[in-house]
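Chains as they are written, first to last, in the working numbering: chain A, 1 to 276; chain B, 1 to 306.
Hints may contain errors.
[What the hints assert, rightly or not] For lysine to any residue, the following SDA-like pairs were computed, each having C-alpha atoms within a straight-line distance of at most 25 Å: (1) A:K236 x B:G2; (2) B:K81 x A:A260; (3) A:K102 x B:P49; (4) A:K102 x B:F289; (5) A:K220 x A:A79; (6) A:K102 x B:V85; (7) A:K102 x B:A168; (8) A:K102 x A:E91; (9) A:K142 x A:E166; (10) B:K74 x B:L92; (11) A:K213 x A:Q241; (12) A:K142 x A:Q241; (13) A:K102 x B:S300; (14) A:K102 x A:R158; (15) B:K74 x A:L261; (16) B:K74 x A:R274.
[Claimed, not checked] If the Cβ cut is set under 10 Å, some of the chain A residues that face chain B in the computed set are: (17) M122; (18) V163; (19) S248.
[What the hints assert, rightly or not] Stretches of chain A that chain B covers, calculated by requiring three or more beta carbons in the stretch to come under 8 Å of a beta carbon on chain B: (20) 142–151; (21) 190–198; (22) 230–243.
Think of the hints as simulated: they come from the structure by calculation, not from any bench. Ideal Cβ placement from N, Cα and C applies to all residues, glycine included.
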Amino acid sequence: MARAATAALLLILAAAAPVAAQEALEGLTPLSSEPLQQNTGREAIQIGLSTNRVEITADFSGADLTIFGSVENVDPQIARQGRYDVVVVLEGPAREVVVRRKDRVLGMWINMASESFINVPMSYSVATTRMPQDITDAASYKRLSLGADNLHIEPLDREGNPVTIEDFRTALRDRKAAAGLFNMRVGGVEFLSQSLFRASLPLSPSVPVGTHKARAFLFKNGVFIGESSDYLTIVKAGFEQSIYRFSSNHGFAYGILATALAVLTGWLGRVVFRKD
Amino acid sequence: MGIYLPIAEMSVNLFVLLAMGAAVGFLSGMFGVGGGFLITPLLIFYNIPPAIAVATGANQVVASSFSGALSHMKKRTIDFKLGTVLLAGGVLGSTIGIYVFTLLRAVGQLDLFISLLYVILLGVVGGLMLVESVRALRRARDGAAPTLKKSGQHNWIHRLPLKMRFRASKLFVSVIPVIGIGAGIGFLSAIMGVGGGFIMVPALIYLLKVPTNVVVGTSLFQIIFVSAFTTIVHASTNYTVDVVLAFMLMIGGVAGAQYGAKAGQRLRGEQLRALLALLVLAVALRLGFDLFVRPNSIYSLATPGY
């Protein structure tokens, strides 16, 4: 009975939630939530995605991804005081990244030094209930590797000069942030009731396709309580994407077709527009 | 109207591309050049990544050179045998060029190399053309007769071994310089996305003494195949050919070329060449300028293998 009541409540809340400003991605609703109970046992956090696959079109110009979740075994008193905090992270697929630095050579700006990092998430979005420093202390963030600044970015060459590596690591974060791929939205997580929350994360227009990991961290009075995660695959759809896939899977055939198209266009152009 | 380029992964304005293609096509028809050397820098100015601008430029050159070669075929101004030997060299040069291209891309120096090659080549060609056309204009004003070198004159190139007879060009010349010229231009085609007509034509006239009436047709004939080869190899090794981008440029280009050819017949040669020279120099200066300006961020990110 209690479970049914929760489910009904949840639907109402989902319907009442304001429509995302840019382009709401549908189908991301809570998977389940345990019945609300009064202070029996430890709090836990749950997020769930009703779909694990999101299609974006080729001309995707950015959107908000909304994730619902719930906190179980909520202590109503602490909840009333607003001392539960949630941080939701969407981490893109990891790849190797080369960071290059331009230096002035004979007056020209030329790529000189470079540093490679392995398993760098292509994107990293964070949404929080409050300013990060108001949730917990720096040491906790570091321990949890939470936040773009605490993300462990490992150099390919571990024996390199630590100062240089740190410079390039900072530059990597800075460039990712400039491209909108590393971002943070303070206040992006909102409690809809004592136990239900909604996180909205910005997806950049250049969001990488692949498997993204969504993680939610629960803090109570600044203490980390637990986390929950789920996976989400972002795929591109549409005509342009078919061309892209064809070009990367069948490069040779694609090249032949591109050439044939050029010959045909050249011939047609001559027939249609000839002036001699 | 926005159009999304699947390989460059960016949205661009459709009309800008069509206009760019038409403008370059018009100029190429007017001056009898392929236009690749203008298309690629323009694409780079339009923020298309240089690697994609080059490979797509090569694809576009296939269309414009095929269109141009058709009219020369009708006028029978193509030396097929000479073209085929040039082509053999071209394929060789293009293969080396693509290898160098891939290597430079891996070490992060491709963009610099493309810019430098353009600045040097456009600077030299534009400068020479300007000097030559200004001289011609002066001569015309002074009323002196133009002194063109006659074909049939001999130089060191004509003493090389492995001679071959090219009937249509009335030439008996060693295949070594022919293959060499073809290879050099094939290399440039792979790295710069140009057909190379603007180097091929003077090279054939001044080095090999090919009669001017078959030069342009023969050059276009071999450019079709070298740029087709370059396109296919770029597509299968670097995945940098954007067919949507190329198609927009081609449509504008082939239309513009036919009108340009018509317009070119009504203008005086020296003035035309002086104008083209100024245009080429302007493009070279603009590309060179970018090399010396401090970039917004001195750091850049790259993902190997993508």
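For which of the previously enumerated hints does the structure constitute a violation, in increasing order of number?
-> 6, 7, 8, 10, 12, 18, 20 and 21
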